[in-house]
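Participant: Each protein sequence line maps, in turn, to chains A, B and C. Just so we're aligned, residue 1 is where the first sequence starts under the numbering used here, counting upward by one. Just so we're aligned, residue 268 is where the second sequence starts under the numbering used here, counting upward by one. Just so we're aligned, residue 623 is where the third sequence starts under the numbering used here, counting upward by one.
For the record, the hints were derived by calculation from the structure and aren't laboratory data. We treat Cβ as the ideally placed atom computed from N, Cα and C, and that holds for glycine. Just to be clear, a hint being listed does not mean it is correct.
[To be verified] Estimated spans, in silico, between C-beta atoms of each pair:
1) A:Gln46 / B:Ala577: 31 to 41 Å
2) C:Gln821 / A:Ala96: 27 to 37 Å
3) A:Val12 / C:Gly975: 28 to 38 Å
4) C:Gly683 / B:Val445: 21 to 31 Å
5) B:Leu605 / C:Gly683: 27 to 37 Å
6) C:Gly740 / A:Gln46: 25 to 35 Å
7) C:Gln821 / A:Gly13: 41 to 51 Å
8) C:Asp796 / B:Ser411: 49 to 59 Å
9) C:Gln821 / A:Arg147: 46 to 56 Å
10) A:Gly13 / C:Asn663: 43 to 53 Å
11) C:Glu905 / B:Ile596: 22 to 32 Å
12) C:Glu921 / B:Phe553: 36 to 46 Å
13) C:Gln821 / B:Lys357: 51 to 61 Å
[Unchecked claim] Coverage of chain B stretches by chain C, computed from C-beta distances (three or more under 8 Å per stretch; other residues unrestricted):
14) 331-339
15) 579-593
Listed below are the residues making up each chain.
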Amino acid sequence: MTQEALSLQVKVGFGKGVEPAIDKDNVVVQVAPGRILEFARFARDQLGFDFLDAITAVDNIETFELLYHWVSIRPSSQKEIKPAYPGYLLARVIVAKNLGSAQPEPGPDYEPVVPSITQVFPGANQQEREIFDLMGIRFKGHPRLERILLWEGFPGHPLRKDWRPLNAEIPWHLAGMRGFGGGTMADIAPEAHIAVDGSGVGEPIVLGTTAEAPRYPASRPPKPSETMRIKLGQGGLVEGEGPEGPTRQPGVGDPSQEQRALGSDSA
Amino acid sequence: MTGSIDIIEPIGNWLRQTLYGFGVRGVLLDGLLAFIAVFVVANFALANGGLMSFVWRREMAVIQDRLGPNRVGPQGLLQFIADFLKLITKQAMVPRRADRVVFIITPAVAVFPFVMAYLVIPFSHGGALADVNVGVLYLFAITSLAFPAIFMAGWSSNNKYAMMGGMRAIAQLLAFEVPLTMSALGVVMLSGTLGTQGVIAAQHNLWFIFPQALGALIFFIAGMAENSAHPFDLPEAESELVAGHHTEYSGIMFGLFFLAELGTTWTLGAVFTTFFLGGWQSPLPFAFLDIPLFWFLAKSYLMFGIFTLARFSMPRFRIDQFLGFGWKILTPLAFLNLLVAAVEVLWFGNVFKIS
Amino acid sequence: MTQTRNPSRLHPLEIEKGRVDLSLYATEDRKDLRSDLVKINLGPHHPSTHGVLHFFVTLDGETVVDLRVIFGYLHRSMEKLFEGRTYVGNVALTDRMDYTAAMLNNWGWCLCCEKLAGLEVNERSQCLRTVAGELSRLSSHLIGTGVFGQDVGILVTSVMWGFNWREEVLTVLDDLTGARMMYNFMRPGGVRADTDAPQGWSDKVRKVMDGLPRHIEDFHRLMTTNEIFHERTKGIGILTKEDALAYSVTGPTLRGSGVKYDVRRAHPYGIYPELDFDIPVGELGDCTDRYLVRIAEMEQSRRIILQALDRLDATEPGNLGKAPKVFKPPAGDAYAEVEGAKGAIGFYLKSDGGPEPYRAKIRSASFINLQALPMMVRGWKLADLIAIFGSIDINMGEVDR
């Protein structure tokens, strides 16, 4: 089956409003979120794409995007090993974050709902749970939608671009979170790189987000109480640690107990 | 072979004469000698069990294409002493909701049977501690005390794994008690006596492993099952139940369980030697090599080596497959073996008569 | 004594996806027996869970009624970490996924980058990649088979042998890359510039391949021909073709069920279209089939390595092609798969034109294969749960990422 034939089959078979496109070796179909279950059934029953390869979720800043990859294996007609269609069938589901006037400002707690395709492809079960866990997209009809890699009570959905951890002193920029606590590897203070004469690490990495942040001497690594302040194992968010919490105040680099207590009073 | 070069009797006589020379008489003399004999044998039982842990590990290493413990002492022989010292100094924890009394006495209950079995195992010509004429019966009675220990351990630990291990152990040990005793019964029929020295004496023409090959095989398998030795170690199946019935045990309590397992394996080898391999009798016709103690120990260690070899080369059965094997295959075979033994007694009884 | 039918098909319980209707246990005869279901925790620390994995098993005596798999203990937020490092720097991270077969993860990443940017890889790099990748597959299968023996009950004899023979493979890969396990070998566009095969390396690899048939024969003698092994694995944990495809299972698990799907043939990459090798397939989908498929794959890997070495020797040493030092692919996205040791490893990369990926997603084989486990073990005994889990060969680094 060639790509053109497949895209024609999709267009004709699935009906109203899909425009399959050809992108490298995939046939990409844009599907509305409400119709993805129908499309999955159509792909399996009519087109013969019986193998769900992967479901991916991407956070484009204004929308979420779900990508479904299918392969057509059809083992009953097995003489050779090549699938019926050599590439992937790809369904792209765009889930808007902005719901119009009803919810103009989707906050970090916003969890869009998309139908689950576990009825048709049981192999979507754990993948959808992972997407819910890390990206926060809910799947309606999933038999057990709960967090899978992170623990219950973990604050937020980390793979989102606007996910902010509660703790600013950890060098989050090393974990790839731009715009929060610094930039990328290149933005780290030069002293933190390996010394050019090969003698080992230079100065330790500057913690904190401001220039006034204390620099710990190389002989004493920071104590956990001075850096880690995410409280593990408690359900829900920690009180008073949001964007108005003490760690976000500029100049408050000294993590002593009194200042922390004082800082939480002054919103 | 009448065991011409004996070691135990001369030493016993020398001791008696020395003590007589010190002025010890009568009941005190006999009592003291008996105490010394029991002391020596009991210590031998326990120390041998410990040493077997080293032999076990070296043999495992050879099979698995690696070195074993070879640092502590010459060739690593003192490894078991190092292990023992470590275990003694470890904290022996009792879980909070466990049945404290039962939990603590169970390791002793586990060690008890195999040490007591040494009472009737003849080390040499005239070398059994107590040559009762129901020795075989006594042996099976005392070794079947091993399984309450496993069950007690499993139940008192307040741990689901341990309980499952205990439950499996009961089913398994119960299932293999019957073939074990039946196969030994064939030996008893051939020798005409229940006493262990009598069983050995009846093998003076032919060791029982030849006429009772089937019985020997059944005894081998059922004995390993009774001992929870691999491939029948389901109660302590390491890959499923972590350690089964002794999951919660630590320190010297665990050490005693481990010692009990190894000691029972060696005792099983010794019993197998007594029943089927002629005990302390020498296979060679040379009189100068006829040291009964040496031959007994050599055969027992050989059997231990074979048990260990079986341990590390085979996967483990599943419990229901294994119980099916015990009840549906081994038990009928054991009864068949009894028939064979009866036929042999009828036709070839003269071979085994003690002259 | 042999169970050749899957009892879960005959089981009277109504099985919903992931759940069991426990009210069916409240029947009259059960009430008389006053029996109950036992809930047991296998793990997270357990000798047989191949890493940190938590099984929450509901047992009826010895029979598994329900299984809930809880993982995430090794989650290192790799997908988030990818976004903070350059494409080239991320290759080192991909080693940590399926750490027993690290080269194949590298390859998947580089393949996706090349698809994104339209790069070509030259012949010598392709041959090096193939040899390294298949050696990694050997390394993973040696461990997997050895540990499967342990799960079935062989007291670590097979483990010791597997790890011992794997040492030869690791030595050879150490000569090539400088590392035994975390190679960081490949780059988008080729391989790392200073890791060309040293002189005489291909002869060393050939020597290791000469020793491999004897090792496989030893595995056969220890396990395949053993009656107890047969009883423990034949007919156990049957995964039908339909179930396997429905649950998106790939790799030796899928091929053991009779589906001849291998990414090297289905979506070819590298020099695989020009190499001559077979895809071993099982029939029934039980533990024996998966185990035998792995062993047959080891032999096929040997074939591939020998052919690739011949091609490698025909290329000019030192000509590794041009792997760009600064890699900034144009905006767009790509999805590429390689045949990892445990199954198909897919990478989805989305680029916004910068030096770091905008989104990197890993489709990991073990994560998806694990979905089929609760369905496969229902109705079997506890001992079979361990055997079935060992036969699908999961790596927790891949599951949790």
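Participant: Quick check on a hinted range of 41 to 51 Å for C:Gln821 and A:Gly13, using CB atoms only.
Facilitator: violated, 59 Å
Participant: Does 46 to 56 Å hold as the CB distance between C:Gln821 and A:Arg147, or does it fail?
Facilitator: holds, 52 Å
Participant: A range of 28 to 38 Å was offered for this pair. Does it hold for the Cβ distance of A:Val12 and C:Gly975?
Facilitator: holds, 37 Å
Participant: Could one say that the CB atoms of C:Gly740 and A:Gln46 fall in the range 25 to 35 Å?
Facilitator: holds, 33 Å
Participant: So does C:Gln821 sit 27 to 37 Å from A:Ala96, Cβ to Cβ?
Facilitator: violated, 60 Å
Participant: Count the residues of the stretch 579-593 of chain B whose Cβ falls closer than 8 Å to any Cβ of chain C, and tell me whether that reaches three.
Facilitator: Result for this restraint: holds, n = 12.
Participant: So the hint says 51 to 61 Å: do the beta-carbon atoms of C:Gln821 and B:Lys357 match that?
Facilitator: holds, 53 Å
Participant: Is the distance from the Cβ of C:Gly683 to the Cβ of B:Val445 consistent with 21 to 31 Å?
Facilitator: holds, 23 Å
Participant: 22 to 32 Å was suggested as the range; check whether the CB atoms of C:Glu905 and B:Ile596 agree with it.
Facilitator: holds, 29 Å
Participant: How about the stretch 331-339 of chain B: do at least three of its residues have a C-beta closer than 8 Å to a C-beta of chain C?
Facilitator: With 3 residues closer than 8 Å to chain C, the stretch 331-339 of chain B meets the three-residue bar; holds.
Participant: Does the beta carbon distance between C:Asp796 and B:Ser411 stay inside 49 to 59 Å, or does it fall outside?
Facilitator: With Cβ atoms ~55 Å apart, the hint holds.
Participant: Confirm or reject the claim that C:Glu921 and B:Phe553 have a C-beta distance inside 36 to 46 Å.
Facilitator: 53 Å Cβ-Cβ, so the 36 to 46 Å window is violated.
Consistency with the previously given hints fails for numbers 1, 2, 7, 12, ordered from lowest to highest.
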